[in-house]
Amino acid sequence: MYDINKIREDFPILSREVYGKPLVYLDNAATTQKPLCVLDAMRDEYLNVNANVHRGVHYLSQQATDLHEAAREKVRQFINAKKIEEIVFTRGTTEAINLVASSFCESQMKAGDEVLVTEMEHHSNIVSWQLQAQRLGIVVKHLPITDDGRLVGCNDITDYITPRTKLISIAHVSNVLGTINPVEDIIKIAHEHDIPVLVDGAQSAPHMKIDVQAMDCDFFAFSGHKMYGPTGIGVLYGKEEWLEKLPPYQGGGEMIDKVTWEKTTFERLPFKFEAGTPDYVATHGLAKAIDYMTSVGLDFIEAHEKELTRYCMEQLQTIDGMHIYGPVVSGSPVDNKDAVVSFNVGDIHHLDMGTLLDRLGIAVRTGHHCAQPLMDRLGISGTVRASFALYNTKEEIDALVAGIRRVSQMF
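Sequential numbering from 1 applies to the sequence shown in the working numbering.
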């Protein structure tokens with residue numbers, strides 16, 4: 001068992017004050033703080049290695065390339081992909097989803113064909129497909145959810161599949177509700193109908209072990225900055241047979257084999273999807289973040305965060321007027337909810353609650369969380385969201401609960 005206070009020492013920002021109060025950082029679903037090992041590694045690369053990758057024959061370029069490709073291998077191991085060619089670096093989950101949306105719809109779909117998402121998706125997994133609907137005439141449909149934030153018929157989606165359904169794209173974990181969707185069951189059903197599945201792993205990769213081979217997803221997307229790594233770096237995993245079928249997403253240097261005035265041939269996987277100079281320092285930072293998570297232990301991280309989630313819901317339910325959105329479990333292990341608790345209190349506007357909590361040093365997210373269709377389904381304009389990471393403590397949840405009580409007394 002790790003000492004959380006020792007872990008917190010790896011994150012200097014957690015010791016700072018806000019408005020003269022100790023910082024209580026509970027906005028980890030938006031972005032996590034970065035451990036010193038990640039910051040030091042990136043600084044060291046800029047100081048001592050900095051050179052472009054895959055281009056130069058000189059020593060620095062070779063060294064930078066080795067670090068960049070070592071990071072790719074680290075990611076492959078982290079999600080248990082079969083081949084390193086299946087790991088495509090992107091700027092984040094959003095770009096990874098847009099890559100699939102653009103390339104898949106262009107090459108595998110025609111007007112009237114359907115993409116199936118869910119009612120709880122982040123905008124990145126809605127708007128990406130809507131853009132293709134405007135461009136190509138495809139249809140975006142969604143699986144509905146229950147009042148407590150679970151998929152309707154989540155273990156049997158056949159009622160929503162039609163002969164025109166060509167791809168299913170689904171959040172592994174809702175960034176608002178914390179709902180853990182049964183992606184393995186959905187993938188199995190989809191594959192029985194020869195439909196590939198993209199899993200948005202932005203809110204799952206930081207919190208649980210990911211095994212893309214066991215999951216059998218066709219695509220899996222996640223971001224570095226939500227798992228203790230730098231901003232500007234993300235990953236698209238794609239099964240080799242699918243990536244081979246898809247055309248490039250962008251054109252430029254790095255992704256070409258040969259360019260003539262008549263035509264261009266493209267580089268092998270994964271490079272045909274990586275146009276331009278990559279953020280090779282960020283990939284190194286991502287690798288160090290993976291090392292850090294692995295050293296702490298993914299089983300420990302998952303258990304610790306599930307206990308924080310359970311404790312938070314238990315304590316919040318003692319507050320008059322409290323409304324928690326999504327699956328609510330108290331007094332028992334949390335199996336279907338992960339590290340995110342969204343709520344409102346009485347008639348207090350979520351922005352007012354968030355602003356006043358901030359004056360107490362408590363950082364939470366307020367608003368629609370880039371999920372406006374979900375807010376419409378819930379009949380609200382937004383929520384307050386507390387979200388947890390490996391460095392959070394029950395004492396911080398106690399501070400949150402005390403802060404909510406204090407704010408509530410003002411109204």
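It is possible that some hints are incorrect.
[Said to hold, decoys possible] Label-pair distances were calculated between CB atoms; the ranges are: (1) T318 x L298: 26 to 36 Å; (2) K209 x E244: 19 to 29 Å; (3) K6 x E302: 44 to 54 Å; (4) E184 x E17: 18 to 28 Å; (5) K6 x D185: 33 to 43 Å; (6) A30 x A51: 24 to 34 Å; (7) G56 x D147: 28 to 38 Å.
Since the hints were derived computationally from the structure, they do not count as laboratory data.
C-beta atoms are modelled at their ideal positions from N, C-alpha and C, and glycine is treated no differently.
Tell me the hint numbers this structure goes against, listed in increasing order.
Hints 3, 4 and 7 are the ones this structure does not satisfy, whereas the remaining hints hold.
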